[in-house]
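The listed protein sequences derive, respectively, from chains V and A.
So for the first sequence, UniProt numbering puts the first residue at 1; every next one is plus one.
So for the second sequence, UniProt numbering puts the first residue at 1; every next one is plus one.
Source of the hints: derived by calculation from the structure; they are not laboratory data.
This structure is a prediction, so every number in the text was calculated from the model and none was measured.
A few of these clues could be false.
Which copy is meant is left open, so a pair is good if it fits within one copy or across any two.
[Claimed, not checked] Derived DMTMM-like pairs (lysine to aspartate or glutamate); straight-line CA-CA distance at most 20 Å:
#1 Lys4 with Glu72
#2 Lys4 with Glu43
#3 Lys4 with Asp61
#4 Lys4 with Glu164
Number of protein chains: 2
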Amino acid sequence: MTTKHERASALLAVSTVIFALRKDDETGGEPQVWLPLVRRIREPFQGRWALPGGPLRVGEDLAYAAGRTLNETTGLAPSYLEQLYAFGDASRSSGAERVVSIVYWALVRGEEAERAVVGENVAWFPADHLPELAFDHNLIVEYALWRLRTKMEYSRIAHAFLGERFTLAQLREVHEAVLGRALDPANFRRTIEASGAVVATDEYLTGTPHRPPRLYRYDDAVDLADAGPLPLQQHFFKGES
Amino acid sequence: MTTKHERASALLAVSTVIFALRKDDETGGEPQVWLPLVRRIREPFQGRWALPGGPLRVGEDLAYAAGRTLNETTGLAPSYLEQLYAFGDASRSSGAERVVSIVYWALVRGEEAERAVVGENVAWFPADHLPELAFDHNLIVEYALWRLRTKMEYSRIAHAFLGERFTLAQLREVHEAVLGRALDPANFRRTIEASGAVVATDEYLTGTPHRPPRLYRYDDAVDLADAGPLPLQQHFFKGES
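Let the hints inform the model, and build the full structure from the sequences given.
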């Protein structure tokens, strides 16, 4: 601790990975994970697609900037916005100055995604089939997908895609869309019921011709916020109760 | 997007929350979550306790800096080191320049914690009974505890505290220490077995006088890294396979 080291500083940027479950407009089929990208209109990487985002503004808070980029790109307000990771290694910046990108991810419900405005130079892509993106954004999307798929197993991420009440078939469809593979309905039901994460309600799905399926909800009692409310949580789970 | 906004820059700092399960040297009793803190020897907050860490050095990578502060404070190499959160809102810095702190958290096994060197101006504190710390470090520890307790329910965090093989009683003790409350042994066994997260091995704990308890391990087949290995994961789970 006697050596004098020069202190690192950086330019700050915020990027947002916005995941929605969508069906392919042309081929139809099962829903998949899609995300909107923005075409860069200046160097570096002019013409390449990139995550929504950009420089943080002086005085601007991180989560606010993430919500702003989400809104500017899609016209949506996020129901689930969470900090994903800070990318800031010295080697990732090509310029003279280090750039630290704080990456947020947002999950958008199907009916919200349909309302999304697609502006100029914005397009939606299936997350598993992306072109070569600007900067290290392919790596960031890969990591976000890995977190989504890992977290799906144990958390209420499906809730962000589904709403308050859902059938087990709807929940399974979300899991299938995120994991990218079919799941056995009986096994899925057993696993979900054993986990205790969801509870049956007294309500049934309406508008179905035959025997209407039962609606479930996440068990709030298992919500593990035992540590009590933290001011910070509001940043992570905006719109979640 | 026609307005010109001034771009934010920041000084970079890294802090590390180092959690270990320890018994109180004086009172004994059940193990609890402890963490080492460093007494500040200069302003601001001179004399207050703070998380290990400090300015990031020019050219230094984030995870490397976190491992360095862990090593400088405890003499330990981390078995579990993961980025927790980037704190960088404009309001958190008292000086003229914004400071972005990238916070890592490390979990240290019991036998490692016992080997930890306690240097000058370093002391261990029970995480639930901290004095008023420097900066916003109380808030950071609270958030880290919340993440630990939430994540414990669904993940292999216990593994970082336990090693490869463990009895269900040892696993329950880790959960009890982290959650800060006693758990019913029969309920705990049922929940863990239903989760499918751990599998019984053919081995038994040796050195016990009566019927030796069976050893369990985490089920690698349930390791959810289906998305394939990402270069980034090595940063998060250093030392984990």
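Q: Can you give me the call for Lys4 and Glu72, within, between, both or neither, at a CA distance of at most 20 Å?
A: between (44 Å within a copy, 16 Å between copies)
Q | Intra- versus inter-subunit Cα pairing at 20 Å for Lys4 with Glu43 | A | between (37 Å within a copy, 18 Å between copies)
Q) What label fits Lys4 with Glu164 when the C-alpha limit is 20 Å: within, between, both, or neither? A) neither (55 Å within a copy, 41 Å between copies)
Q. Is the C-alpha distance from Lys4 to Asp61 at most 20 Å within one copy, between copies, in both cases, or in neither?
A. between (31 Å within a copy, 18 Å between copies)
Consistency with the previously given hints fails for number 4 only.
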